[in-house]
Amino acid sequence: MNPATFLLALAAAALAPTAAFAGDVDQADRIGRGAYQAVLGDCAGCHTAPGGAPFAGGAPIATPFGTLIPPNITPDRDTGIGDWSLDDFRSAMTRGVGHDGIRLYPAMPYPNYAKMPEPDIDDLWAFLGTIAPVKNDVDANQLPFPFSIRTLMIGWNLLEFTPKPFAPDAAQSAEWNRGAYLVQGPAHCGACHTPKTIFGGDDAGKALTGASLQGWWAPDITAAPTTGVGSWSKEELVAYLATGVNGHTIASGPMAEAIAASTSKMTPEDLGAIATYLKTLGPSDAARPTPLAASDPAMKHGAAIYVDNCSACHGGRGEGSKDLFPALASSPIVAQADATTLARMVVIGSQGVHTAAKPTTPAMPSLGWRLDDAAVADVLTFVRNSWGNAAARVTPGTVAKLRN
Amino acid sequence: MSTPTSPTRRRVLSTAAWLAASSIPGVAFARSISGALPWDANSAAPPPKLQLNGWFFFTSAEVETVTAIVDRLIPADALSPSGAECGVVVYIDRQMIGPFGRSSRLYTQGPFFLGTPRQGWQSPDTPAQRWRAGVAALERWVAANRTGRRFAALAAEEKDAVLKDVEAGKIDLGAGVDAKAFFALVLQNTMEGFFADPAYGGNKDMASWRMLGFPGARYDYRDHVDKHGQRYPLPPVSITGRPEWAGKVD
Amino acid sequence: MAKILPRKDVVIVGLGWSGAILAHELTDAGLDVLAIERGPWRDTARDFNIGYAQDELRYAIRRDLFLQPATETMTVRNSDAERALPMRDYASFLPGNGVGGAGVHWNGQTWRFWNSDFRTRSNIVERYGAAKLGELTVRDWGVTGADMESAYDRFEALAGISGTAGNVGGTIRPGGNPFEDPRARDYPNPPMKMTKAPILFAETAMAMGLHPFPCPSANLSQPYVNPLGIAMGQCTFCGFCERFGCANYSKASAQTTILPVLMKKPNFEVRTDSEVLHVDLDPSKTFARGVTYVDTSGETWFQPADLVLLCAYGLHNVRLMMLSGIGTIYDPATDVGTVGRNYCYQTNAGVTVYFDDATLNPFIAAGALGQTVDDYNGDAFDHSALDFVGGAGINCVPTNGRPIAFHPTPPGTPRWGADWKKAVAKNYSNALSFGSQGSSYAIRGNHLDLDPTYTDRFGRPLMRMTFDFADNDIRMSAWVSDRMEAIAGRMGGRQVVSDRRKKGWDSTVYQSTHNTGGAIMGTDPKASAVNPFLQSWDVPNVFVVGASAFPQNPGKNPTGTVGALAFRAADAIRRQYLANPGKPLVTP
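Chains as they are written, first to last, in our numbering: chain A, 1482 to 1885; chain B, 115 to 364; chain C, 10 to 597.
Where hints are given, some of them may not hold.
In silico DSS-like links for lysine-lysine, alpha-carbon gap of 25 Å or less [to be verified]: (1) C:K294 with B:K341; (2) C:K435 with B:K318; (3) B:K341 with C:K512; (4) A:K1882 with B:K318; (5) B:K294 with C:K511; (6) C:K141 with C:K431; (7) A:K1760 with A:K1781; (8) A:K1746 with A:K1803; (9) B:K318 with B:K284; (10) C:K512 with C:K294; (11) C:K431 with B:K273; (12) B:K284 with B:K294; (13) C:K431 with B:K278; (14) A:K1677 with A:K1760; (15) C:K294 with A:K1803; (16) B:K362 with A:K1781; (17) B:K294 with C:K512; (18) A:K1746 with C:K274; (19) C:K294 with B:K318; (20) B:K278 with C:K435.
Note that these hints are calculated values from the structure, not bench results.
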C-alpha cells in the first residue's frame, strides 16, 4: 500500500468506524484520536515494510548490536498482537515488556512512549484494533549472541531506563510544554537525533545534538545557530516538518520518511509547539571554526569539482533553487560535525521527500562512479568552508566507509 | 563499487513495485510501477571503464593500416596531436565490438534491394564487417598498384592521394567494397573518435576540445551567457573529470 | 493466446506528453488509469545523471534515448512509383521511446498555432480564392484559435514556458510576436537571456523592419512552480537539450511537470517495456474492448478497458489504427479512406554566416534559446502576388556547439587533413546559423499505409511512408530563403552560405521530427479519422491524441499544440464523454 492509500485507510478508520463500533460515537472519537496518536508516534514508519501492508511488520533496522525487524502490530492472533490485552499494550508502551513478559528492545522507543498519558495509549490501542488483521510472521529477533537474549534488557532497563511520565515546566508556556512533550514523548525525535551511550541509551547531556544513524547523520536539531535550527524561523521549521521543504533545504533519507508518514500529518498547532520548543534548546555551539583558506589544496580541488558537478543545480554560490535544490550557503546541514550524510548524497544519491504540498520529489544523482573518495572529500571540504560555512575538512576515509 | 545494503531506519511505505514477469511466476506484466516515483541508490549507467590495453577487434596488421589512415585524416600539427596519438584507433576498435559495430540496434531484416540514395544504406553488412573488408581491399589495392608496399609504408603525399581517390570513388576496391561508402564510414568513425568524450578512447587529454575551445561535459554557463564575444575561461572537462580535480594541474 | 487481465477504466498507449496529461486529468476525475509504455522507465536523477547526461556520442550520435530501428522502423519512398525500402537507421526524423517520450529529448520550442492555421483551407479560399489551392489537399481542423486558447494556456502554465507575449487580449505588446493570436495572459516566465548570435540576428532583422522576438521556450528562464505544485529549475545553458534528457529539472517534460504527482496517485499505474500490438475491437468494429500487448518476456496479454487512448508518437498512433482495423486506410488513387491521409512534415532551409572574429561560444546554448521572425510565417503576409501559400518562421536558435556534429567549415574546405583542421579551429566559434522552419501542406500523393513486404520483430507489417515536398512548399521555401539570405548579408560576416530545400525528400539527413497527420481531425468523417475532440469517428471509445491529428503542418514546432490538444481531449472526456460513454461527441 502506498502512503496515499494508507492515509485513506487511516481516514477511513478514523471517520468510518467498523461495524462493531457503529453508532458508538465515543468509540469513534477514540479511534480518531488513536489514529492521530499513531501519526505522532510514527508507528507505521517502523512497523510497515516497503510495499507491505501497514503495521504488518517493517523493514529490518540495523542497530550497533545487530539487526531487528519491527514486528507485526496488526490484530492478527497468530502473527500480530491480536491476542494481546490492553494491559499488555500499556506495558509494552511504557515499560518495554510485551505480551507474556517478553522484553522489547529499545529500538522500540518505549522510553519515549512512557511519557504518554494512559488515555492516549488507550486511544492508540483502540485504533490499532480497527486495522484489518494481516498474517505476516516476522522473525523479529536477529541479533547475534549475547544480544539475542532478550532478558539482557532487564539489565539495560535498570541502567538506562526509568519510566517517567512527562513533567511539564510551569515556567514555560503551554505551547512550549506541548512541544517538549511531543519531542521527548511520542515523536521520539531523540531516537535518531540524540547520540547514544555505549549501552545504546540516550546520552542525555547531548540531547538532540546529532547522531550517527545507519549510514546517515541525523543532524543537530537544537537551536545552535550554525549547526542546529537556530537560524531557521519558527515558520521555516514548521514548513519543513509540514512539507519536507522550506527555503533552505529539502528533507531526504530517514527524515523524509518521518515527514511523509508522521510530521506532515500533525496539526499546525503541534508543529508550532515542536518548533517553539526546539528553538529554546541550546545553543550548544562549540567555538565556531575558521573556514579553511581558499589556497588549501583541498579547497582548490574542491572548487574545480564543484563548478563541474554541482553548480548547475546548487548554484555558483551555493544558493540552491526554490523547492528543488537545497541551498548549501550558510547551511547548518552542511556544517554538521559529521559529514556522513553529505558524503552519502554525493556518492549514492538520494531522493527528496514527497508531500502533497511539495510534490516535486527531486533527487540527487549518484556521483560515486565519477568522483573517487579524495574528490568527494575535497568537494565537501570546499562546500563546508565556502559561502558562510565553516566546518572540519572531510577525509577520504569518511567517504570510503559509505562504499562498503 | 558496492551497493550499500544496510537498511535505513525507516523505508518509504511504498517504494515502486518492480515486478519482473520472468522472475515472478504468475505476475501478469513485465514491469509495473505505481504508488511512488521510482528511485534507486547508486543509480548510474556511465560509459563502461575503458580497457586501454590491447586490441579487441583489429588485428595488428589492421591496426597498422588504420593508424596510417587516421593519422592522415587528422595529422599532427600545432593544433593537436595526430588522430592515432589521440586514441582514435582505440576508439574505433572498441566501437566495432559494441552495438554500433554489430548493427544490433538497426533494422536488419531482408529482403535487401538497392534503393535510391535517399532511402539510405541497404545492405546486411555491419560496420565491423565493412571495416574488415575495406581495410583488406585497400591493402590489396595498394599492394597491386604501389609496388607491393603496404599503405602504412607509403609517403604522406602518396597516402593522401590514395585516400582522396578512395573518397571520390575513383579507386575500384573490388570484392563488393564501395570505396566511397567505405571512406564515409572511415571518416565518420574517425571524427567521432576525435571529437567524442575521452571516455570512449579517443580525444586523449581532450585535445580536439582544446583545439576548438569547446569546454566539454559542462552543465552551467550562467556566469558567461551575458559575456558576448568573450572567450570562456575554464578548461574542458570530460565525463571522467579533469586534472584539476586531483591537483595534477593548477 | 493472450492471457486476460483485470479491466481498467482507461488504457493509455504511450506515456509521453499526451499520455501524461491525459492520465493526470482522468485520474483526477476518479478513473482507474493504466498507461502501457513500449520503452523503459526514465527519470531525471536516475537516468539523466549530470555526470554523463552531456555525452554527445551516446545520446546525440548513437541516440540512446530514441526508438531503435530494430524495435520498429518504417519503409520510405518519394512516390508511389518507387519500391519502398526500410529505413535501416533513423536519420531524417528520430521518434522517441520510453517514459516521457519525445518530450524527454525535445528542444523546448513551444508555439501556438494561429486561427489562420486551424482554418487553413477556409482562410486560403476566403482570402485568395479556391484556385489558389492548386493540388493542395489542406483542410480545416474543426477548431478555431479561440477554441484552443485556454488549452494552450494550460499547457504553457504546466510547462513554465518562458517568453514575451505579443498580443494579450488584442493589445500588441512590444518585444513579442505581433502576428500571434490574442492570448489571455502573459507567458508564465519572462524570456531567456540571449546569447550573442540571436542578438545579432534580431538587431539585423529589426533594422530591416522585421519583428524579431524571443522564441517561446520550455527551457526555463527562472525557477518556477507549476500549477501541480511541481518545482522546476533555471536553465543553465549547457547546450544539451535536443536528443538529451535534462539533468537539472530545467526543461519541461512529463518528468519535470507531471510525473511526481501522477505517480503517487493510487488510481494510476504504468507498465513499461510493454508494447501494445493492437487495439481489440468487437465484431462490429465500432467498439474497443481493450488492447493486446506483449511484455519483455514475450508473453502476450489482453488488457480490457472501457476507454482506449492512443498517445504514442503520431506515426505510431497511425500504424496502431491500421493494425487494429480502426477506420479505413487511405488510398490516394481513389482518394478514399480516413487513416494515412494528409501526412505532412516540415519544409526547412538554412543559412550560415561566417565571421572572422565573433567568438560566438556556440556551446552556451539551449534548445529554445533564440530569436524568431514570423513576418513570413503562415498567412502573416499577403500571398496574392506569390505562387505559393504557407510560410516559415525564421529562427536563430543556435541549440548547441557539440563538436562531433557541429564543426562547420565553408564550402571548398577539404573534409580532412591539416587544412580541414585549420578551418575547423578557425570557424568553430565564428559561424552563425539560422533557419526557416516552413509549413508542409498536404497533397494527395503524400500518405501512410502498411508495407506489403517488411515486417517488425513480431511479424506485423511496417508502416510505409510515401513522401516528397509539395511543389508549393519548395516555392515557399525558396522565397523565404531569399529573405534569409538578405538578412544574413547584412550581418557583417565575411561569407554567407545558403542551404536551400530541394525536391526529393532525403531520409538519410536529419531534418525534423515533426511528422504530422495520418489520423487527422476534422468535421467530415469521410475525410478525417477523428473528430475535433480527437475521438475516433469509427470507434468512439478510442481517442487518438498527438500530431497525427494535424491536417497539415504550419511553420512552427508541434509540441505546444500537441499538449493543448491533449488538454482539449481530456476536457471533452471529463465533461461530455463520461456522461454517455461509448457515444460519439460529434454527430456529423
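Quick one: which hint numbers does this structure break? Sort them smallest to largest. The structure conflicts with hints 1, 3, 4, 6, 7, 9, 10, 15, 19, although it agrees with all the remaining ones.
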